[in-house]
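A.B. asks: The residues making up each chain are set out below.
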Amino acid sequence: MNLNFTAQEKDFQQEVQQFLQEKLPKGIAEKTKNALHLSKDECNVWQKILHKQGWAGINWPIEHGGTGWTPTQKYIFANECAKAGGPDVIPFGLKMVAPVIYTFGNDEQKQRFLPDILASNVWWCQGYSEPGAGSDLASVRTTAVKEGDEYVVNGTKTWTTLGQHADWIFCLVRTGEPSAKNQEAISFLLINMNDPKITVSPIITIDGRHEVNEVHFDNARVPTVNLIGEEGKGWTYAKVLLTHERTGIARVAISKDRLVQLKALAQTSPDGDNKLIDDAIFAQKVAQVEIDLLALEYTELRTLSAISTGQAPGPESSILKIVGTQIIQAIDELYVEAAGYYSMPFVPQQFHDDFDGQSIGPDMATNSALRYFNNRKASIYGGSNEIQTNIISKAVLGL
Amino acid sequence: MDFSLSSEQQMIQDSVSKFILNDYDFDTRRKILASATGFSQENWHFFAELGWLMLPFTEEDGGLGGSMVDLMIVMEEFGKGMVVEPFIATAVMSGGLIALAGNQVQKDDYLPRIMAGELQMAFAYAEPQSRYQLNNVKCSAIENKGEFVISGQKSVVLNGHHADTLIVAARTSGQTNDHNGISLFFVDANHPSVKRTGYANVDGHQAADIWFDNTPTLGLLGEQDNALPAIDNIIDKATLAICAEAVGAMQIAHDRTLEYTKTRKQFGRTIGSFQALQHRLVNMFIEHQQAKSILLMAALKMDSNNGHDAKALSAAKSRIGKAANLVGREAIQIHGAIGMTDELDVGHLFKRLTTIQFLFGSTDVHTKRFAAL
Ligand SMILES: Cc1cc2nc3c(=O)[nH]c(=O)nc-3n(C[C@H](O)[C@H](O)[C@H](O)COP(=O)(O)OP(=O)(O)OC[C@H]3O[C@@H](n4cnc5c(N)ncnc54)[C@H](O)[C@@H]3O)c2cc1C
Numbered sequence: 001m002n003l004n005f006t007a008q009e010k011d012f013q014q015e016v017q018q019f020l021q022e023k024l025p026k027g028i029a030e031k032t033k034n035a036l037h038l039s040k041d042e043c044n045v046w047q048k049i050l051h052k053q054g055w056a057g058i059n060w061p062i063e064h065g066g067t068g069w070t071p072t073q074k075y076i077f078a079n080e081c082a083k084a085g086g087p088d089v090i091p092f093g094l095k096m097v098a099p100v101i102y103t104f105g106n107d108e109q110k111q112r113f114l115p116d117i118l119a120s121n122v123w124w125c126q127g128y129s130e131p132g133a134g135s136d137l138a139s140v141r142t143t144a145v146k147e148g149d150e151y152v153v154n155g156t157k158t159w160t161t162l163g164q165h166a167d168w169i170f171c172l173v174r175t176g177e178p179s180a181k182n183q184e185a186i187s188f189l190l191i192n193m194n195d196p197k198i199t200v201s202p203i204i205t206i207d208g209r210h211e212v213n214e215v216h217f218d219n220a221r222v223p224t225v226n227l228i229g230e231e232g233k234g235w236t237y238a239k240v241l242l243t244h245e246r247t248g249i250a251r252v253a254i255s256k257d258r259l260v261q262l263k264a265l266a267q268t269s270p271d272g273d274n275k276l277i278d279d280a281i282f283a284q285k286v287a288q289v290e291i292d293l294l295a296l297e298y299t300e301l302r303t304l305s306a307i308s309t310g311q312a313p314g315p316e317s318s319i320l321k322i323v324g325t326q327i328i329q330a331i332d333e334l335y336v337e338a339a340g341y342y343s344m345p346f347v348p349q350q351f352h353d354d355f356d357g358q359s360i361g362p363d364m365a366t367n368s369a370l371r372y373f374n375n376r377k378a379s380i381y382g383g384s385n386e387i388q389t390n391i392i393s394k395a396v397l398g399l
Numbered sequence: 001m002d003f004s005l006s007s008e009q010q011m012i013q014d015s016v017s018k019f020i021l022n023d024y025d026f027d028t029r030r031k032i033l034a035s036a037t038g039f040s041q042e043n044w045h046f047f048a049e050l051g052w053l054m055l056p057f058t059e060e061d062g063g064l065g066g067s068m069v070d071l072m073i074v075m076e077e078f079g080k081g082m083v084v085e086p087f088i089a090t091a092v093m094s095g096g097l098i099a100l101a102g103n104q105v106q107k108d109d110y111l112p113r114i115m116a117g118e119l120q121m122a123f124a125y126a127e128p129q130s131r132y133q134l135n136n137v138k139c140s141a142i143e144n145k146g147e148f149v150i151s152g153q154k155s156v157v158l159n160g161h162h163a164d165t166l167i168v169a170a171r172t173s174g175q176t177n178d179h180n181g182i183s184l185f186f187v188d189a190n191h192p193s194v195k196r197t198g199y200a201n202v203d204g205h206q207a208a209d210i211w212f213d214n215t216p217t218l219g220l221l222g223e224q225d226n227a228l229p230a231i232d233n234i235i236d237k238a239t240l241a242i243c244a245e246a247v248g249a250m251q252i253a254h255d256r257t258l259e260y261t262k263t264r265k266q267f268g269r270t271i272g273s274f275q276a277l278q279h280r281l282v283n284m285f286i287e288h289q290q291a292k293s294i295l296l297m298a299a300l301k302m303d304s305n306n307g308h309d310a311k312a313l314s315a316a317k318s319r320i321g322k323a324a325n326l327v328g329r330e331a332i333q334i335h336g337a338i339g340m341t342d343e344l345d346v347g348h349l350f351k352r353l354t355t356i357q358f359l360f361g362s363t364d365v366h367t368k369r370f371a372a373l
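Here the protein sequences come in this chain order: U and P. Per the UniProt record's numbering, the first sequence starts with residue 1, numbered consecutively. Per the UniProt record's numbering, the second sequence starts with residue 1, numbered consecutively.
Any given hint could turn out to be false.
[What the hints assert, rightly or not] Which chain P residues face chain U? A few, computed with CB under 8 Å, are given here:
1. MET11
2. GLN13
3. GLY336
[To be verified] If the Cβ cut is set under 8 Å, some of the chain U residues that face chain P in the computed set are:
4. ILE198
5. VAL200
6. ILE203
7. THR205
8. LYS275
9. TYR341
10. SER343
11. HIS352
12. ASP354
13. GLN358
14. ILE360
15. PHE373
16. GLY383
17. GLU386
These are computed hints drawn from the structure, not numbers from a lab. Glycine included, every Cβ here is placed at the ideal spot set by N, Cα and C.
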């Protein structure tokens, strides 16, 4: 066993640091550090910078433009990015649909879709959930009926994150006989959203933002060449995707940096004549989360180490999502606590670049409750924590 | 021992409860929040008409008795509807300070107007550096030819934007953190030297940051240099009010979640049939019940001790904060994505239950205060 980076790994770390120092735009870094949302343009700018460097497709195979990095390199990259304020890429194209396309798509589909995903030329969104199909995803009811060389798609997808910005949506749809068993009738279909038969309506969340949408398909016509793999195999493909989704789902690097910043904040936040960090209870709460995060980091490293030595990840990997999101939410809560009264004002307008009014409180404070509210989603999406718990009890403990 | 309500108290509860049910449903509240003032003037007059604004005051001051139990009853019902009208800022805090510290002339001047619903007030005490320490006051009041002028900033002043008159805690002597040397002043909120930036809080309540620059006052309220006991006292009273509000809000959050789990189906059955969720709903229920109990304890102890019992109050705020945290979070989680939407009341209950945890002293601050007393 060995904890140290090799000489090559140290070189790589320096290379990443230098890249971030030279290429990461300051405005984007600052917003990321303050946990503020980036515009579509800013997301594009960053991904294009990564792409130019050849670092956009971190998990992709080399032949499709991936980095071919080892798990350790990915770990180093994630940590350096978080420290420098390099934002997460939008996952729907790069991390979600691309793996399905390069694993199960045909050559024509690979050529048609992958380069634009890598270069952030085309935005994707995920059309899985429906009003009646949340945790029970296999009960999706959106139908795709074959007519000649087209599918006619009808139904409603919901909670579609960033659907308002997306050019394409990847969907789980029902094909074949309505009587077919749930999972065997599900297909994986890529749908161009530039179609008047598709309407996107906003859903506003409790942080006052428009991040999710409802997407309606009213006889939308989709060429059959947009089907991935075979009809009825969509469920299998989606499952593979879900395991990709799990890579990095613990978000350890980001939580580590959020804690570093929280401590810095507590060191400067006045608490009457003292500083907040002098408050023993607050300091202890921060320490507790930090300790939990250390344990999680080593849980993640155990998983990475298993993968890098060619083994399958062990049962420890299944807890990454649960613990990772608990920690994210605990940190968010500590930010609210640190903000005190200034957690309360709802002043999102002052986070905009062109705001020129009177700012209320420090941004880090007035953004804290919104962030806390928004991240309630972390334990709901990507398979809720209850569903993850069920999976562990069944698949790992055999209950 | 008898925990039953008197017939007057039962009447108050019934009338507030009826108002919430009939006139303060979620859609109505949404319209109120979207209006220019962010609260309903019409409701405010209605509160006055029904005597609810008289409730926090003694009969001697022209009120209806003003016990903590009375306040608890009204606020618990308000909590169920997430009422945003500035009852706490105007009646409980500002009116309360005047009743506590004012002279007869001041009482005669302000209290009838408050109770008639004609005057909006706000109490400006918190500052950017003070956090929850009420003795930490930097905002200064300097005497100049027998008249005081105030300079400094106040943070997140509830109802600060719509108030006609402010009560401002300012330092008349000593250092920022001294317990002595704090005084209360009436200030005309519309004076040109007062700069106010108003906003809604995340829970829908109106607030403002306020800057004073050599602002003249409308007079001293209470004893010069010795306002801290009155401030402590009134913040405790307001804390009891939001504790009761939280108990009401928790009840609705639990009710809604329970209803939802009985109708929402996944995997071919109602999600309420999953034992994993059943236990969580029971935990929410236990938290709500414990919160309700400790609220009652605090209100009764305060009433039997002339309106103040800091230790009992802090016990309640601490315990209710913990309950509010769990109930709010679980209400969203058990609803799933729909619980995160602006469209549903659950998310708004969660937000109010969140701000209550951090208003007038966080859960930890009150746990510490309880231990120290
Ligand atoms: C902000 C946000 C963004 C999202 N973005 C997307 C997106 O881009 N694309 C997309 O397709 N989807 C998206 N989702 C949807 C997300 O995947 C679903 O919310 C999730 O699958 C849960 O489904 P549900 O919300 O319908 O809750 P439900 O499935 O109705 O669950 C309600 C509650 O019951 C619990 N529960 C359900 N079944 C069980 C069980 N068997 N045992 C114990 N507990 C159970 C759940 O854990 C939850 O607490 C998003 C959700 C959110 C909140």
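A.B. asks: Going back to the hint list, which numbers does this structure go against?
C.D. replies: 1, 2, 4, 5, 8, 11, 12 and 16
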